[in-house]
Amino acid sequence: MNFPEDLKYTKEHEWCRIKGNRAVIGITDHAQDALGDIVYVELPDVGDPVKKGESFGVVESTKAVSELFAPVSGKVVEVNDPLSDAPETINEDPYEEGWMIQVELSDAKDMEDLLDAAGYQKFIEEEQE
Amino acid sequence: MALRTPLYDLHVAAGARIVEFAGWDMPVQYTGVLDEHAAVRNAAGIFDVSHMGEVVFRGPKALEALQHLFTNDLGKCADGQAQYGCLCSDSGGIVDDVVVYRRSADDLLVCVNAGNRQKDFDWLHGHAFGADVVNESDAWGQLAVQGPLAAQIVQKLTSVRLGSVGSYRFTDGEVAGVRCTIARTGYTGEDGFELFCPAEASPKLWDALLDAGRPEGLKPCGLGARDSLRLEMAYRLYGSDMDDSTTPLEAGLAWVVKLDKGEFVGREALRRQKDAGVSRKLVGFTLTEPGIPRHGYDVVQGGKPIGTVTSGTKSPTLGTSIGLAYVPAALAAEGSSFSVRIRDRQVAARVVKTPFYTRSK
Numbered sequence: 001m002n003f004p005e006d007l008k009y010t011k012e013h014e015w016c017r018i019k020g021n022r023a024v025i026g027i028t029d030h031a032q033d034a035l036g037d038i039v040y041v042e043l044p045d046v047g048d049p050v051k052k053g054e055s056f057g058v059v060e061s062t063k064a065v066s067e068l069f070a071p072v073s074g075k076v077v078e079v080n081d082p083l084s085d086a087p088e089t090i091n092e093d094p095y096e097e098g099w100m101i102q103v104e105l106s107d108a109k110d111m112e113d114l115l116d117a118a119g120y121q122k123f124i125e126e127e128q129e
Numbered sequence: 001m002a003l004r005t006p007l008y009d010l011h012v013a014a015g016a017r018i019v020e021f022a023g024w025d026m027p028v029q030y031t032g033v034l035d036e037h038a039a040v041r042n043a044a045g046i047f048d049v050s051h052m053g054e055v056v057f058r059g060p061k062a063l064e065a066l067q068h069l070f071t072n073d074l075g076k077c078a079d080g081q082a083q084y085g086c087l088c089s090d091s092g093g094i095v096d097d098v099v100v101y102r103r104s105a106d107d108l109l110v111c112v113n114a115g116n117r118q119k120d121f122d123w124l125h126g127h128a129f130g131a132d133v134v135n136e137s138d139a140w141g142q143l144a145v146q147g148p149l150a151a152q153i154v155q156k157l158t159s160v161r162l163g164s165v166g167s168y169r170f171t172d173g174e175v176a177g178v179r180c181t182i183a184r185t186g187y188t189g190e191d192g193f194e195l196f197c198p199a200e201a202s203p204k205l206w207d208a209l210l211d212a213g214r215p216e217g218l219k220p221c222g223l224g225a226r227d228s229l230r231l232e233m234a235y236r237l238y239g240s241d242m243d244d245s246t247t248p249l250e251a252g253l254a255w256v257v258k259l260d261k262g263e264f265v266g267r268e269a270l271r272r273q274k275d276a277g278v279s280r281k282l283v284g285f286t287l288t289e290p291g292i293p294r295h296g297y298d299v300v301q302g303g304k305p306i307g308t309v310t311s312g313t314k315s316p317t318l319g320t321s322i323g324l325a326y327v328p329a330a331l332a333a334e335g336s337s338f339s340v341r342i343r344d345r346q347v348a349a350r351v352v353k354t355p356f357y358t359r360s361k
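Line by line, the protein sequences are chains A and B. Just so it is clear: in the first sequence, position 43 is 43 by our numbering, and no numbers are missing. Just so it is clear: in the second sequence, position 56 is 56 by our numbering, and no numbers are missing.
Simulated from the structure, these hints should not be mistaken for lab results. All of these numbers come straight from a predicted model, not from anything done at the bench. Treat the hints with care, as some may be off.
Stated by the list, open to error - Label pairs and their calculated CB-CB ranges:
id	chain 1	residue 1	chain 2	residue 2	range
1	A	125	B	78	53 to 61 Å
2	B	262	A	128	38 to 46 Å
3	B	274	A	85	32 to 40 Å
4	A	118	B	208	43 to 51 Å
5	A	82	B	330	39 to 47 Å
6	B	214	A	5	55 to 63 Å
All C-beta atoms, glycine included, are put in the ideal place defined by N, C-alpha and C.
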């Protein structure tokens, strides 16, 4: 299981990569593995607001529906549209090609309580016990 | 604490993901649902279905007693043949859907759903009419080898000429040295076999089949693929698509209800319902807009709920979103349209002919 050091993580298994005032958002390697084969994804449109801790979309595997929770608040400025035709990309490459949305941050302080890689890894180990 | 089949440790050692289903800890997937689904459609897969139950009717009254509890006509089922049908209550509700394996008129095995083992046994035993009814569920292991290469694989391990065992026929014989009932039945829509063996011998049989099937690409498969495979065939799943509150006529199983075969439990209620016409019917549908239908979603028309989705998935073989739903009888014809409510959206759906998938030969 891979958890890149340069990312921040949530307890709902999203990751967040900061680029200036933007955050790139996706789901973690652990999340894609737990979900199994991802066959459908529903993402917001460019311009939509997202709110930290609230649902911004849905990802569905063959068996289950899972909500996606925003790690930060802001406005959606880019959406990874190719995912709708190739949702399996999220399984194959969750941190690069499988990114979901880019958000323009409304409050940089939103980042402060996110987990680092070590903290997230510890969290999922505890969750599995 | 959930029950476990004798193969549980082998599943865990093979890296299977375990989920609880109908009171059993069962493998939901090994490598992945899509991968396993494709293996069964294109080569072969092996499933541990030992959680299924086996209730046996024996004695001079066996056939007569079971005929009285079964909606299909076992008088039309030859020795060595299997027949699908329902057990119904007096009101016509489905107690279970089962496959009966008729060894002879005085020896019939009823294969029941895992979650209904005790309920079915109590029901059957309570209406035994002098037949000897035994719950042998714990004594049997059951492995399903399914797919276009299934026969080729199983044939390596048995001297029984499988070519002479037709669809829905069965015979006794050894497979990998294990005494089995070899049945050409299954729940996937592909050719294949269900092997009933002594529970304690099932790990040996499992390992032997996996070894024998390696060159053909035989894969161990979990309940995830089993569910998507059966749904592509529009095979009903008890507990999802039907239960005690639905009748076989509503569930689209009129073809296994033989009202003229003689008296059986539920017949009068079913005849009345047939004469009056059913008010709702289980239909197969596809979504014509993006989304995946799931069990429990509302079927809507004009903004009002008019029915319920009972099964749904994105078909791995077809790539389209498919499902089964109860809808008013007026909307049951092929080509009828309605919507499925998926979260806050109403997604267009159309009734289609089932099975959704047809195998090539």
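Hints, one by one, checked against the model:
In this structure the supplied range 53 to 61 Å holds for residue 125 of chain A paired with residue 78 of chain B, their Cβ-Cβ distance being about 58 Å. For residue 262 of chain B and residue 128 of chain A, the hinted distance range of 38 to 46 Å is not satisfied, since their beta carbons lie about 57 Å from each other. Under the hint 32 to 40 Å, the C-beta atoms of residue 274 of chain B and residue 85 of chain A, about 46 Å apart, miss the expected range. Distance hint check for residue 118 of chain A and residue 208 of chain B: the Cβ-Cβ separation is about 46 Å, which falls inside the suggested range of 43 to 51 Å.
For residue 82 of chain A and residue 330 of chain B, the hinted distance range of 39 to 47 Å is satisfied, since their beta carbons lie about 41 Å from each other. Between residue 214 of chain B and residue 5 of chain A the CB atoms are about 40 Å apart, so this pair departs from the stated range of 55 to 63 Å.
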